[in-house]
Amino acid sequence: MSAAPMHMAGARLMLDPAGCVAWPAQKLLAVADLHLEKGSSFAARGRFLPPYDTRETLDRLALVLRRWRPQRLVLLGDSFHDRHGCARLPPAECAALARMLAGMEEVVWVLGNHDPDPPVGLPGVAAAEWRLAPFTFRHIAAPGATAEISGHFHPKATMPTRAGAVTRPCFLGDGRRLLLPAFGAYTGGLEVRDPAIAALFPRGGRAFLLGAERLFSFPTGPLRGSGRAAPEAPLLTQPGLPG
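In this note's numbering, the protein residues as written are -15 to 227.
Treat the hints as calculated values from the structure; they're not laboratory data. It is possible that part of the hints are untrue.
[Said to hold, decoys possible] Listed next, with one range per pair, are the computed distances between beta-carbon atoms:
#1 ALA46 with GLU89: 17 to 25 Å
#2 LEU47 with PRO(-11): 36 to 44 Å
#3 GLY105 with THR130: 19 to 27 Å
#4 VAL109 with ALA46: 30 to 38 Å
#5 THR145 with ARG67: 37 to 45 Å
#6 GLY148 with SER(-14): 23 to 31 Å
#7 ALA112 with ARG160: 15 to 23 Å
#8 PRO8 with ALA46: 16 to 24 Å
#9 ARG53 with GLY172: 28 to 36 Å
#10 ALA86 with THR145: 40 to 48 Å
#11 GLY148 with GLU197: 31 to 39 Å
#12 PRO127 with TYR36: 34 to 42 Å
Glycine included, each C-beta is placed from N, C-alpha and C at the ideal position.
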């Protein structure tokens, strides 16, 4: 699997096709929007989904932790789908998550709009936002912020290919801020041209679509405009294009 480098605020970040971002110089990994126990939250409201989302998401988290071996893990909010999600974790999944976190020097639970309360019984500290110079890590991007890494919007983008348009979750950055895709198994996406995202990137940015083994990068152009973002031509002929 090939991560893509991105330079921001004088630091070198690595964007992982699994949907997380690593900061190797600080041995840090950040993930956003796990939405653990979304299936059980829906079931409580009479909307039944296969109850495997938490296990699948934790399996994916375990893979990226083994790949990057971070000493710091920053969870950028909405780690649980609702404020009672942590209490609903099945014992096996709770134990698996605790084991993953136990060896970390630092675990930060950034609080989100879905999980405004700190998780109980799991390692780490909770914060409305967290700073490690030069970056600020928060759940929802702040207008005008710089050197910011956030989640919340579940960005996705569309690019044309020879087989037709492909829409996938993506990173979105412009050198000032970086939006992460949602990491959870049962998470949808918001198109980058939606006004909520476009307002944060008035001059456009660069999207990094998630592929099976690599990212597919293209400039978006001004997001307030109409039409789809146009990828660079070489991407149209590369094998393994996400489908």
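Results of checking the hints against the structure:
Separated by about 18 Å at the C-beta atoms, ALA46 and GLU89 satisfy the suggested range of 17 to 25 Å. In this structure, LEU47 and PRO(-11) break the distance hint of 36 to 44 Å, their C-beta atoms being roughly 20 Å apart. Checking the proposed 19 to 27 Å range against GLY105 and THR130 shows it is violated: the Cβ atoms sit about 36 Å from each other. For the pair VAL109 and ALA46, the beta carbons lie near 22 Å from each other, so the given range of 30 to 38 Å is not met.
THR145 and ARG67 have their C-beta atoms about 41 Å apart, which keeps the hinted 37 to 45 Å range intact. The beta-carbon spacing between GLY148 and SER(-14), approximately 24 Å, falls within the hinted interval of 23 to 31 Å. The supplied range of 15 to 23 Å is met by ALA112 and ARG160, whose beta-carbon atoms lie about 21 Å from each other. The beta-carbon spacing between PRO8 and ALA46, approximately 19 Å, falls within the hinted interval of 16 to 24 Å.
The hinted window of 28 to 36 Å between ARG53 and GLY172 holds, with their beta carbons roughly 31 Å apart. The hinted window of 40 to 48 Å between ALA86 and THR145 holds, with their beta carbons roughly 43 Å apart. Taking 31 to 39 Å as the suggested C-beta distance range, the pair GLY148 and GLU197 does not conform, at roughly 21 Å. Between PRO127 and TYR36 the C-beta distance comes to about 37 Å, which sits within the given range of 34 to 42 Å.
Of the numbered hints stated above, those contradicted by the structure are hints 2, 3, 4, 11, listed in ascending order.
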